[in-house]
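S.K.: So the sequences go chain by chain: H and E. Number 198 in the numbering used here belongs to position 198 of the first sequence; there are no gaps in the numbering. Number 302 in the numbering used here belongs to position 17 of the second sequence; there are no gaps in the numbering.
Treat the hints as calculated values from the structure; they're not laboratory data. Keep in mind that this is a model prediction, so the values were computed, not measured. Possibly wrong hints are sitting among the right ones.
Unchecked claim - Derived contacts from chain E toward chain H, CB cut-off under 7 Å, selection only: (1) Pro298; (2) Asp299; (3) Ala302; (4) Gly304; (5) Gly323; (6) Asp337; (7) Trp338; (8) Glu340.
We put the CB at the ideal spot given by N, CA and C, even for glycine.
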Amino acid sequence: MQKICIVFDRLRTEEKLLQTQASEMGYETSMIDAKITRFNTDSNKSEYDFGDVVLERCISYYRGLHFTACLEFLNVPVINSFEVSNTCGNKMITSMLLKKNNIPTPKTYFSFSAESAMEHFEKVGYPLVIKPIIGSWGRSVMPIKDKDTADAIIENRQVTDGPQDRIYYLQEMIDRPPRDIRVITVGDQIVAAMYRKSSGGFKTNIALGAEPEICKITNDIEELCLKASKAVGGGILGIDLMEDKNRGLVVHEVNNTVEFKGLVKVAEKNIPKEMIDFAINYIRK
Amino acid sequence: MNCPECDANLNIPDDAAVGEIVSCADCGADYEIAKKEGSDIELKQAETVGEDWGE
Numbered sequence: 001m002q003k004i005c006i007v008f009d010r011l012r013t014e015e016k017l018l019q020t021q022a023s024e025m026g027y028e029t030s031m032i033d034a035k036i037t038r039f040n041t042d043s044n045k046s047e048y049d050f051g052d053v054v055l056e057r058c059i060s061y062y063r064g065l066h067f068t069a070c071l072e073f074l075n076v077p078v079i080n081s082f083e084v085s086n087t088c089g090n091k092m093i094t095s096m097l098l099k100k101n102n103i104p105t106p107k108t109y110f111s112f113s114a115e116s117a118m119e120h121f122e123k124v125g126y127p128l129v130i131k132p133i134i135g136s137w138g139r140s141v142m143p144i145k146d147k148d149t150a151d152a153i154i155e156n157r158q159v160t161d162g163p164q165d166r167i168y169y170l171q172e173m174i175d176r177p178p179r180d181i182r183v184i185t186v187g188d189q190i191v192a193a194m195y196r197k198s199s200g201g202f203k204t205n206i207a208l209g210a211e212p213e214i215c216k217i218t219n220d221i222e223e224l225c226l227k228a229s230k231a232v233g234g235g236i237l238g239i240d241l242m243e244d245k246n247r248g249l250v251v252h253e254v255n256n257t258v259e260f261k262g263l264v265k266v267a268e269k270n271i272p273k274e275m276i277d278f279a280i281n282y283i284r285k
Numbered sequence: 286m287n288c289p290e291c292d293a294n295l296n297i298p299d300d301a302a303v304g305e306i307v308s309c310a311d312c313g314a315d316y317e318i319a320k321k322e323g324s325d326i327e328l329k330q331a332e333t334v335g336e337d338w339g340e
């Protein structure tokens with residue numbers, strides 16, 4: 001019987017659900033805390049308890065990404081792969097891949113200095129949404145509706161001047177209802193979808209208090225999400241869509257370490273079971 | 286077990302596992318369970334939310 005390892009850095013409901021589900025399905029499990037695991041260039045797979053396949057579930061993106069690199073260095077099968085994690089963790093790379101694969105996505109502008117970002121505003125106009133290229137839960141995502149706000153936000157970025165602050169990711173503001181759609185895909189299957197309704201503001205992140213509500217999976221949603229999943233390399237993903245009043249559905253983000261503790265209560269499918277099944281099939285291929 | 290910060294009683298569920306976060310109801314401090322062997326529990330300061338945290 002195969003053994004599934006869950007790598008974490010903070011044990012959340014999701015990781016416990018996955019462990020319980022795997023055990024109920026008869027698989028051995030191991031739980032490994034990334035924070036206390038060490039590697040070196042002579043490390044060997046046999047020194048660790050990674051089992052047959054790892055579900056990488058770190059809450060810290062960079063920690064998870066680099067841990068995944070170590071796992072792949074040791075030839076341990078890991079979901080998601082380094083390439084997928086690297087793509088999905090970076091909004092700029094994701095936007096480019098979505099566009100290249102003809103997946104409807106908001107028009108997005110990139111620039112690499114404050115002056116150049118201001119030129120985008122001058123040429124495109126307002127509003128635009130500024131987002132950090134790496135980050136989650138809606139942090140530092142801001143609608144910019146006028147020049148004064150743009151000046152203030154860009155000046156602030158120049159003051160903090162972190163490596164990411166020099167990369168400007170500006171996105172068209174989509175005319176949409178006050179909600180977006182989160183779809184969980186596992187391999188080439190849609191597992192569940194929910195509306196995330198804004199709790200009053202511009203953002204629709206559950207982490208910020210947005211109300212989840214089950215969403216019917218239409219053919220359009222299914223087709224678009226499976227294309228998006230394929231575009232970024234597949235795996236276990238959380239795909240975010242907006243309902244553009246003019247263009248219909250657009251994909252604006254693909255998430256790598258998907259959170260599902262809210263959705264699991266209302267979804268028709270057993271989300272952890274789908275994930276465990278996928279992991280097992282992943283190593284059988 | 287008492288909160289290392291404010292000494293209030295910390296409520297740690299029996300099924301809590303290593304890696305889980307427990308919060309002090311009195312002062313709000315967060316701790317990660319670093320070791321748990323029966324009733325022998327070790328806590329460490331939980332990490333604060335990082336810029337790269339999330340999905």
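S.K.: Hint by hint, note whether the structure agrees.
M.R.: Here's how the hints hold up against the structure:
no., hint, verdict
1, Pro298, "violated (12 Å)"
2, Asp299, "violated (14 Å)"
3, Ala302, "holds (6 Å)"
4, Gly304, "holds (3 Å)"
5, Gly323, "violated (18 Å)"
6, Asp337, "holds (4 Å)"
7, Trp338, "holds (5 Å)"
8, Glu340, "holds (4 Å)"
Violation of the numbered hints given earlier is confined to hints 1, 2, 5; the remaining hints are satisfied by the structure.
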